[in-house]
Structures are given as C-alpha cells and as structure tokens.
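Participant: Input sequences plus hints: build the corresponding full structure.
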Amino acid sequence: VQLQASGGGLVQAGGSLRLSCKHPRMILSTFITTDGAWYRQDPGKGRELVASIGSDGGTNYVESVKGRFTISRDNAKKTMYLRMNSLKSEDTAVYYCNMQWNGYEYWGQGTQVTVSS
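If you use this note's numbering, the sequence shown corresponds to residues 1 to 117, in order.
In case anyone wonders, no lab produced these hints; they're calculated from the structure. Among the hints, a few may not be true.
With a cut-off of at most 25 angstroms between alpha-carbon atoms, the simulated BS3-like pairs for lysine-lysine come out as follows [what the hints assert, rightly or not]:
# : residue 1 : residue 2
1 : Lys45     : Lys88
2 : Lys66     : Lys22
3 : Lys22     : Lys78
4 : Lys66     : Lys45
5 : Lys22     : Lys77
6 : Lys88     : Lys66
Quick list of the computed label-pair ranges, beta carbon to beta carbon [said to hold, decoys possible]:
#  : residue 1 : residue 2 : range
7  : Ala13     : Gly44     : 20 to 26 angstroms
8  : Asp35     : Gln109    : 27 to 33 angstroms
9  : Gly103    : Gln4      : 38 to 44 angstroms
10 : Glu90     : Arg25     : 32 to 38 angstroms
11 : Asp35     : Ser89     : 27 to 33 angstroms
12 : Ser89     : Thr30     : 18 to 24 angstroms
13 : Gly103    : Pro24     : 28 to 34 angstroms
14 : Thr30     : Lys88     : 34 to 40 angstroms
15 : Asn85     : Gln112    : 14 to 20 angstroms
16 : Tyr104    : Arg68     : 26 to 32 angstroms
17 : Ser29     : Ser86     : 14 to 20 angstroms
Using N, Cα and C, we set each Cβ at its ideal position, and we do this for glycine too.
Facilitator: Next comes the structure, spelled out in structure tokens:
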C-alpha cells in the first residue's frame with residue numbers, strides 16, 4: 001500500500017461523498033505525469049474500474065456512474081478525488097485508488113463506501 005485514500009463512510013441513498021487519494025512522498029514533477037483511477041470491489045465480486053483520469057486531465061467512467069461521479073485531480077495538492085453524487089445502494093463497495101507512472105503502479109488501502117437505502 002503506497003497511496004493514502006480517505007473519505008469513505010456511510011451515507012443514505014441520494015447522498016454524496018468525496019474520496020481523496022495521495023501519495024505522501026510523491027514529488028510534484030512525478031504526480032503531474034501520473035495517470036490515476038478509482039476501482040471498487042464488492043465482496044464476492046471482482047474489482048471494477050469506476051473512473052480514470054490521464055495526466056492530461058482526460059477522463060473515462062464506467063457506464064453505471066456516468067453523470068453521478070466525477071474524477072478530478074489537484075496537481076498543486078498532489079491529490080486525486082472522486083466526487084460521488086446521487087449515491088445508490090449498488091455503489092456500496094470498498095473503493096481503491098490507483099496511480100500509474102513510468103511502468104510503476106501504486107495502490108491505496110481501500111476505503112469503505114456504504115449506501116443505505
């Protein structure tokens with residue numbers, strides 16, 4: 001585990017959360033060239049790519065979260081975010097952040113998101 005993820009919690013359906021992810025020792029010149037992503041995993045299921053963001057800021061989303069989730073990055077803070085709105089019970093999972101740089105891959109420890117209906 002090299003990334004620090006935070007922001008998960010328990011929220012009612014329709015609510016919002018913002019997840020954050022950073023590498024505590026990554027220097028700025030490295031961070032700005034990383035590609036980032038958020039994955040999620042429900043018990044008994046495989047890990048699913050939820051959203052990704054390139055070093056150029058280009059984004060992609062899995063169909064089920066389009067229009068509700070927004071992935072972003074703040075290069076000055078060396079932090080990646082996942083803003084989750086209109087949460088549904090099916091969004092319940094452990095969320096993992098991921099960064100890739102120069103052939104290296106970094107993962108966070110996972111943060112639990114639970115949406116109650």
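Participant: With a cut-off of 25 angstroms on the C-alpha distance, tell me whether Lys66 and Lys22 pass.
Facilitator: holds (23 angstroms)
Participant: Could you say whether the range 38 to 44 angstroms given as a hint is met by the Cβ separation of Gly103 and Gln4?
Facilitator: violated (22 angstroms)
Participant: At the C-beta level, are Ser89 and Thr30 separated by a distance inside 18 to 24 angstroms?
Facilitator: violated (38 angstroms)
Participant: Quick one, are Lys22 and Lys78 close enough, alpha carbons at most 25 angstroms?
Facilitator: It holds: about 6 angstroms lies between the C-alpha atoms, which stays within 25 angstroms.
Participant: Between Lys66 and Lys45, does the CA-CA distance stay at or below 25 angstroms?
Facilitator: holds (21 angstroms)
Participant: In this structure, is the beta-carbon distance linking Asp35 and Gln109 contained in 27 to 33 angstroms?
Facilitator: violated (20 angstroms)
Participant: Determine whether the Cβ-Cβ distance between Ala13 and Gly44 falls within the hinted range of 20 to 26 angstroms.
Facilitator: Once the Cβ atoms are compared, 21 angstroms apart, the range 20 to 26 angstroms for Gly44 and Ala13 holds.
Participant: Mind checking the alpha carbons of Lys45 and Lys88 for me, to see if they're no more than 25 angstroms apart?
Facilitator: Given pair Lys45, Lys88 holds - Cα atoms ~17 angstroms apart, limit 25 angstroms.
Participant: Does the hinted range 27 to 33 angstroms hold for Asp35 and Ser89 at CB?
Facilitator: The hint (27 to 33 angstroms, Cβ to Cβ) holds, given that Asp35 and Ser89 are roughly 30 angstroms apart.
Participant: Do the beta carbons of Ser29 and Ser86 sit within 14 to 20 angstroms of each other?
Facilitator: violated (37 angstroms)
Participant: Lys22 and Lys77 were given as a pair; does the straight-line alpha-carbon distance stay at or below 25 angstroms?
Facilitator: Roughly 9 angstroms between the alpha carbons, so the hint for Lys22 and Lys77 holds.
Participant: Lying within 34 to 40 angstroms: is that true of the beta-carbon distance Thr30 to Lys88?
Facilitator: Holds: the Cβ-Cβ distance is about 35 angstroms, inside 34 to 40 angstroms.
The structure does not agree with the numbered hints 8, 9, 12, 13 and 17 stated previously, though it agrees with the rest.
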